[in-house]
Amino acid sequence: MLVDAFETDTNCPVSWQARSRSFVSLMTLYESNHIRLSWLAPQLHSVCEPQVSRVEGDCPLHLALEDRSRYTTTLRLTYIFEDEAGPAADPDVRIRIYHDARLAEAQSCVRWHRHGLLESIRSRLARDMDERWMRNIMLNKWLEYCVERGHRFAGSPLR
1 MLVDAFETDT
11 NCPVSWQARS
21 RSFVSLMTLY
31 ESNHIRLSWL
41 APQLHSVCEP
51 QVSRVEGDCP
61 LHLALEDRSR
71 YTTTLRLTYI
81 FEDEAGPAAD
91 PDVRIRIYHD
101 ARLAEAQSCV
111 RWHRHGLLES
121 IRSRLARDMD
131 ERWMRNIMLN
141 KWLEYCVERG
151 HRFAGSPLR
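Everything in the sequence shown is counted per my numbering, starting at 1 for the first residue and increasing by one.
Worth flagging that the hints you see were computed from the coordinates, not collected in a lab. All C-beta atoms, glycine included, are put in the ideal place defined by N, C-alpha and C. Mixed in with the good hints there might be a few duds.
Claimed, not checked - Simulated restraints, written as ranges between beta carbons of each label pair:
| no. | residue 1 | residue 2 | range |
| --- | --- | --- | --- |
| 1 | 99 | 56 | 28 to 34 Å |
| 2 | 84 | 58 | 18 to 24 Å |
| 3 | 60 | 23 | 17 to 23 Å |
| 4 | 22 | 83 | 37 to 43 Å |
| 5 | 89 | 22 | 29 to 35 Å |
| 6 | 98 | 22 | 16 to 22 Å |
| 7 | 70 | 150 | 32 to 38 Å |
Could you build the full structure based on these sequences and the hints that come with them?
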């Protein structure tokens, strides 16, 4: 894997795989998301302009700043697909980063997926904890996939 030189998420204190859907496991998943997001965008604190990562054999990956405060940053991460109806963002994930706690939470994800299998999984998970769990597991796996494909975002200097 390309992340040998980076911090890994193998030492997260509580395995989210052991007791899924508990609050403690969800927080550990957020910690793993933060680590994986920092593999993709090592300068999370300095992202200010929209960025696009392009690698051969994969769709362009878009990262945009939505909001920044003293302790949090909210980003949008997505692929943009060209469709006969126009451009479509999918999976279009809104991520809140909690800098002091080193956590990253997928707050929202496109509600209706273009892909039938993803939509069938989403529709079976109705409760709030299940929704959070599903969004963040998806983000966790997608971040790993993006890094393995070679995507990276450079930091932009703060203004």
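Each hint, compared with the structure:
| no. | hint | result |
| --- | --- | --- |
| 1 | 99 to 56: 28 to 34 Å | holds, 33 Å |
| 2 | 84 to 58: 18 to 24 Å | holds, 22 Å |
| 3 | 60 to 23: 17 to 23 Å | violated, 36 Å |
| 4 | 22 to 83: 37 to 43 Å | holds, 39 Å |
| 5 | 89 to 22: 29 to 35 Å | holds, 31 Å |
| 6 | 98 to 22: 16 to 22 Å | holds, 19 Å |
| 7 | 70 to 150: 32 to 38 Å | holds, 33 Å |
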